[in-house]
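> These are the residues of each chain, in order.
Protein chains: 4
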Amino acid sequence: MDFTMRPKAQEILDKVRRMVRDEIIPLDHEFLAEVGKGADRFERTPRQIEILEGLKAKAREQGLWNLWRTKALTGAGPDALTTVEYAQLAEEMGRSHLGAEVFNCSAPDTGNMDVLARFGTEAQQRRWLDPLLAGEIRSAYLMTEPDVASSDATNIALSAVRDGDHYVLNGEKYWGSGAGDTRCGLYIVMVLTDPEGDKHRRHSQILVEPGTPGIEILRPMEIFGHDDAPHGHMHIRFTNVRVPADQLLQTEGDGFLIAQGRLGPGRIHHCMRLIGQAERALDLMCDRALSRTAFGKKLADLGANHDIIAESRIAIEQARLLCLKAAWMMDTAGPREAAVWVSQIKVAAPRMAQQVIDEAMQMFGATGISQDTPLAHMWMNARMLRFADGPDAVHRRVIGRTELRKHEAG
Amino acid sequence: MDFTMRPKAQEILDKVRRMVRDEIIPLDHEFLAEVGKGADRFERTPRQIEILEGLKAKAREQGLWNLWRTKALTGAGPDALTTVEYAQLAEEMGRSHLGAEVFNCSAPDTGNMDVLARFGTEAQQRRWLDPLLAGEIRSAYLMTEPDVASSDATNIALSAVRDGDHYVLNGEKYWGSGAGDTRCGLYIVMVLTDPEGDKHRRHSQILVEPGTPGIEILRPMEIFGHDDAPHGHMHIRFTNVRVPADQLLQTEGDGFLIAQGRLGPGRIHHCMRLIGQAERALDLMCDRALSRTAFGKKLADLGANHDIIAESRIAIEQARLLCLKAAWMMDTAGPREAAVWVSQIKVAAPRMAQQVIDEAMQMFGATGISQDTPLAHMWMNARMLRFADGPDAVHRRVIGRTELRKHEAG
Amino acid sequence: MDFTMRPKAQEILDKVRRMVRDEIIPLDHEFLAEVGKGADRFERTPRQIEILEGLKAKAREQGLWNLWRTKALTGAGPDALTTVEYAQLAEEMGRSHLGAEVFNCSAPDTGNMDVLARFGTEAQQRRWLDPLLAGEIRSAYLMTEPDVASSDATNIALSAVRDGDHYVLNGEKYWGSGAGDTRCGLYIVMVLTDPEGDKHRRHSQILVEPGTPGIEILRPMEIFGHDDAPHGHMHIRFTNVRVPADQLLQTEGDGFLIAQGRLGPGRIHHCMRLIGQAERALDLMCDRALSRTAFGKKLADLGANHDIIAESRIAIEQARLLCLKAAWMMDTAGPREAAVWVSQIKVAAPRMAQQVIDEAMQMFGATGISQDTPLAHMWMNARMLRFADGPDAVHRRVIGRTELRKHEAG
Amino acid sequence: MDFTMRPKAQEILDKVRRMVRDEIIPLDHEFLAEVGKGADRFERTPRQIEILEGLKAKAREQGLWNLWRTKALTGAGPDALTTVEYAQLAEEMGRSHLGAEVFNCSAPDTGNMDVLARFGTEAQQRRWLDPLLAGEIRSAYLMTEPDVASSDATNIALSAVRDGDHYVLNGEKYWGSGAGDTRCGLYIVMVLTDPEGDKHRRHSQILVEPGTPGIEILRPMEIFGHDDAPHGHMHIRFTNVRVPADQLLQTEGDGFLIAQGRLGPGRIHHCMRLIGQAERALDLMCDRALSRTAFGKKLADLGANHDIIAESRIAIEQARLLCLKAAWMMDTAGPREAAVWVSQIKVAAPRMAQQVIDEAMQMFGATGISQDTPLAHMWMNARMLRFADGPDAVHRRVIGRTELRKHEAG
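From first to last, the protein sequence lines are chains A, B, C and D.
Be aware that the first sequence starts at 1, since it is given in full-length UniProt numbering, and climbs by one per residue.
Be aware that the second sequence starts at 1, since it is given in full-length UniProt numbering, and climbs by one per residue.
Be aware that the third sequence starts at 1, since it is given in full-length UniProt numbering, and climbs by one per residue.
Be aware that the fourth sequence starts at 1, since it is given in full-length UniProt numbering, and climbs by one per residue.
I should point out that these hints are in silico values taken from the structure, not numbers from a laboratory.
The reader is advised that the hints may include incorrect statements.
[To be verified] Computed list of lysine-lysine pairs in DSS-like fashion (alpha-carbon distance at most 27 Å, straight line): (1) B:LYS8 / B:LYS37; (2) D:LYS199 / D:LYS406; (3) A:LYS199 / D:LYS297; (4) D:LYS406 / A:LYS297; (5) C:LYS297 / D:LYS406; (6) A:LYS58 / A:LYS8; (7) B:LYS297 / C:LYS199; (8) C:LYS56 / C:LYS8; (9) D:LYS406 / A:LYS15; (10) C:LYS56 / C:LYS37.
[What the hints assert, rightly or not] Pulled a few chain C residues facing chain B out of the computed Cβ check, cut under 8 Å: (11) LEU322; (12) ARG396; (13) ARG401.
[To be verified] Facing chain A, from chain C, some residues (calculated, C-beta under 10 Å): (14) GLY303; (15) ALA304; (16) ASN305; (17) HIS306; (18) ASP307; (19) ILE308.
Just so you know, even glycine gets a beta-carbon here, dropped at the ideal spot from N, CA and C.
Take the sequences, apply the hints, and build the full model.
Shown next as structure tokens:
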């Protein structure tokens, strides 16, 4: 088990770290404060465009672009990063709000680009993959539905019926993350094509152009009351939406297969970004503990505060190492073998981040949940990730079954 | 130890329960959805006024008004409720967002009214207590300051200097809850009158009319990004604010004394309202567990869900009983003896509520953190109460010292 | 809900408290240190007999005898204690190792006496109940079996086949607590009489004289390596043991019915004794925190120790109140309604005690797990009670189902 | 960061694993069951000698001897194992009770041998190091004292006064692990040589021959009531014990320096052995979950059991990775830099093991705490390690201070 960064990767890491610290974090707050200043919360303001596109240009100049294309994904050649290496970059990006997008590494685009690269036709790739790789459009992945427990993906019910050389889509999706973005140029939609088929061959994935007639954006879903504009987690209704049949990914029934490969790396990225957020929360916690005085002492020297800081450090280190292990499994044993490791981090990392950020908030007093620190925002993100890409309970189920299977065999 | 409700109190409880369930909860969502529809987020909309004043009128008609005036507070006569009895009413009110205000029982008004009733002059009472009791104005209690660790109240620094028959106030307060409300007609302000005096005689409390020249509302403090309009937790600057000296409460140096008596009952009310919220979260959790299906089973029958429900039940019962014990101490031994019991519930109840609501959110999947349930709102309220009226660490310190003192003596 | 002690009960409580503190605790250690000094670990030494019988005599003299006979059990008359009152006595007894037996209130005898009083014939009562009430013999309750998951009592398999006017018993029981005691004069045995019958009518309970031919004591079960001599938790084999048919309790098939009523009060007693142990652990913790110095400070003033003490206090109070609530339900609503409350405390109290005692051990450093404090012994007892009378998971299942049933109905 | 085993180390690992599984574990129980069968609990029985020496001979034959001599310790040459490699061997050894001693890798001997190799004179090494390396004698490390909080080592008070060419020792030590062993041929004793000196130069370490006149073994300290014979954690009194001055290690005042270097690797070994124990507990838990039936289902399929197994797996993996990280720091950055990492695992690993073993016990029902599984024994060992080599609180303090120091600088 080897988590070493090669010198070349280390060099990239240093650049990413510097850019996050010196250029991105200083603009995060201003970017977020712009939300709602335009006519429409989901229309980016000129200043938001200036901030983001400016940073993207700088990233591209330094070659810090599409770094997610690891060997395990669609990367190739001796220079492609390993998942272990990229994970450490993702941690740095996670310290800032805008980081992932600046380096064209944000969810759900990376997963969608990977799907297109693996499973798309030449035509599909030219139409959607190229502008995604260029950072010109963004995309959404529509899986979760309001009326069924989507954590059991066999429940997915949005119907796609073949009619001539089109599929006709009817149903609803929600939590379509990124679908609020005015630049969103693609939905990858999990649909039910064969309701009577074998449980894991009933579904397909289809590429849908936003704005196709019959698509109605009902509302943004809110996370603790926030619409997360201009990104947005949209609730979308499909009513007789006609999609050309050549926009299907692979063949009918491949929906599960495609979905399965898609989620592993994305979960590692999410988790490593959370590690970055937890580190930042611990930084803030320590700074506050040293700079604030009560009862005649620094907060650091009061009560359990040393212990809280120590436990936060231990928790972060353990979660990071487990993420790296999952990344290493992805690199060396492939996504199928890595899956149970990814489930482990999907349980461990968001919970850890939630806990560490919560302690940081507490160290700040009421300021910790206010607009004066980024902690509340970070906490909500961590909390949301205990649902996104599968709730904890489903991942624990996977881990438990895998463990028991070893003993059934023996 | 006796937590019995007398028949008369039980009758009130039944009425409150019915009104909360049948009339208030059904309007909560509409009231909240109105926020931001007016010109100013802090200006109540006509529909908000209609909802709230309508409910208040109904409450008053049924005699469900100012129920907080227990014997332990300014109530009197054989009919006054005990703290134990009122606590059980507060639980019911807590199940809804508007409940407390509908019955003229909301924070910080109840504490402020109590202070006026105990410590106010006749003139002060006529000017502010009467309209508060009538539900015509609201009030704020300005204690916390941005620049000092206010959990140690000896740090409070907003200066009040005597100048003729006025005090001149300079400094800042934040988290002035309720100061955003356009009906807010009174600030009770903790001020530093004698910086060189004995540590517990340096401060005073003074009644300030909002809008007095020199008062500047800088911004609402946000709780997880929410301004809590039209209530508001305001950040306020005082610049040479001249306040008539007869608006001082009692005499100079009594600030601590007044503060100490004020917080105990309010904390019990907060905690009991949280019990109500936790009960509602458990209701929602169970309903979801029974109505949603995954992997061929009701959620209720999957994995640890029975255990989660059981642990939630145990946690709620324990917290409620401890709150009742604190209330009983307030009734029978008085606020000084009750203080350490109040500290216990102040640690236990918000944490419990936070945990139970968190589990309820998780049972719902991502819907649990969305606008489709009241859970996210309830969770943020519980989280905030781990700071409000003293952070957990300060209360634990009080409890620990009390415990150790028994052994030092022995 | 009323937990008040009547003056008469309070008087008894004061006497019990004094006797535990002044006479029993000072002899606990010597009693335990005698174990193994005789020829046989299960033969009480002369000094053990002297200690125990001396204390029993003193208890009887003061009328502190068979206090467990509450109204809810076989007590009667206006003077009988309520379960709520007795629970508070049990807490005091629990502070010492010998307490419960000194007052003739120890498990499993109280449950067995209650069963005999309710369900025994006149002849059965004269033969076994009278000497049990007099503290002359002791008894065991044989339920758990090594080969089946006995937490699901329908699994119980020890066979009792009618043969003329005898039953012939074959099978094994283990964890027969008290069966190691040389004074043990009765086994109440749960047996399978009708393997094909209705699931809850298959079993019966039968009174068995220890020493009946065919009974073989295989070994004492060990708790963390301790045989708990001279009490003992025995593993017993029955081979063609012939028991007169008139020793059956009630009629065939009543086994469940009898078992059900038996366990509720016993669990309350166990839990309240654990509260007593937790209080004693907290006492010890505080004393150590004040008397030991490291890094130039009292332990009390180092790190999280105030917080640990505070959390222990909160945890004990909550568990005690919940136990009293369960006792109050037993008194006012009866055992069937109280059952789910008993399940709640059965989960909450041992876990709480285990946690508080664990923290106390940690405060002592390695001394905390050594023979120099009673903490290790107390901890093992608390841990054992997470299995005895039903493991946590089974109780959580009961609570969860009860909670869900409220919502299924609604 | 690289945790790779070189092929040669992997080969050793495979051999160790096989020997532990096939030869050591099958004899563990018999060895332990022999305790107390001789005249003296601390006199090994012939069968114990046969078992242990037989296994040691087999280990030596295969070259599995003194494997602890890593490069970071006194090992040298290209073939010496790294700490990372040895840690993985220690995990395997930890699965069994006798494992560590079979490979001559048990505490406190490894630490003592290392001290002798680094700091001993030629004469000291010939007299004590050689027979220790040969597995002919064993040793104890006497640090902890009953009368002072020894977690703060500056408290150590056992006095050594120079008198001619001897030191005269007076005082008490307890928890002298291994001092009960009849083969114990050396005490390394931390003594106070200069009470007035600089805080970290007051102490020295001296080599003492057991049986020197004036040494009195008062009693074995018990761990949850167990004397851990024939190893023993002895309480020892020194009364005017005259020790030749040339048995001092290095020079007067070096006591701290020697102690500091000693404990790091030993803690890593302890923690990795606990990982092995936790893995074995999880194995047992899974086997039980699959083989036992209640309420018509395998335990595995009841309630939270999948979740419990999953959480155990996650906890073990995280702790193992953190131990390997600490080992890697020891290898690459040296003991001073590694210290805070060692503190992290010292907090995390015993707690994790305690928790996983506790869950395993619970899965077994009461059998889990009985002599029918090794779980209770393993649990007590894990619990003890939350004190041994520093209690959790002291390690958290180290971690917290290190973390804060980063921020004080910045």
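> If a hint holds in the structure, say so; if it doesn't, say that too.
Quick rundown of the hints versus the structure:
{"no.": "1", "hint": "B:LYS8 / B:LYS37", "verdict": "violated, 42 Å"}
{"no.": "2", "hint": "D:LYS199 / D:LYS406", "verdict": "holds, 25 Å"}
{"no.": "3", "hint": "A:LYS199 / D:LYS297", "verdict": "holds, 25 Å"}
{"no.": "4", "hint": "D:LYS406 / A:LYS297", "verdict": "holds, 19 Å"}
{"no.": "5", "hint": "C:LYS297 / D:LYS406", "verdict": "holds, 25 Å"}
{"no.": "6", "hint": "A:LYS58 / A:LYS8", "verdict": "holds, 19 Å"}
{"no.": "7", "hint": "B:LYS297 / C:LYS199", "verdict": "holds, 25 Å"}
{"no.": "8", "hint": "C:LYS56 / C:LYS8", "verdict": "holds, 21 Å"}
{"no.": "9", "hint": "D:LYS406 / A:LYS15", "verdict": "holds, 22 Å"}
{"no.": "10", "hint": "C:LYS56 / C:LYS37", "verdict": "holds, 22 Å"}
{"no.": "11", "hint": "LEU322", "verdict": "holds, 5 Å"}
{"no.": "12", "hint": "ARG396", "verdict": "holds, 4 Å"}
{"no.": "13", "hint": "ARG401", "verdict": "holds, 7 Å"}
{"no.": "14", "hint": "GLY303", "verdict": "holds, 6 Å"}
{"no.": "15", "hint": "ALA304", "verdict": "holds, 4 Å"}
{"no.": "16", "hint": "ASN305", "verdict": "holds, 9 Å"}
{"no.": "17", "hint": "HIS306", "verdict": "holds, 6 Å"}
{"no.": "18", "hint": "ASP307", "verdict": "holds, 5 Å"}
{"no.": "19", "hint": "ILE308", "verdict": "holds, 8 Å"}
Of the numbered hints given earlier, the model fails hint 1 alone.
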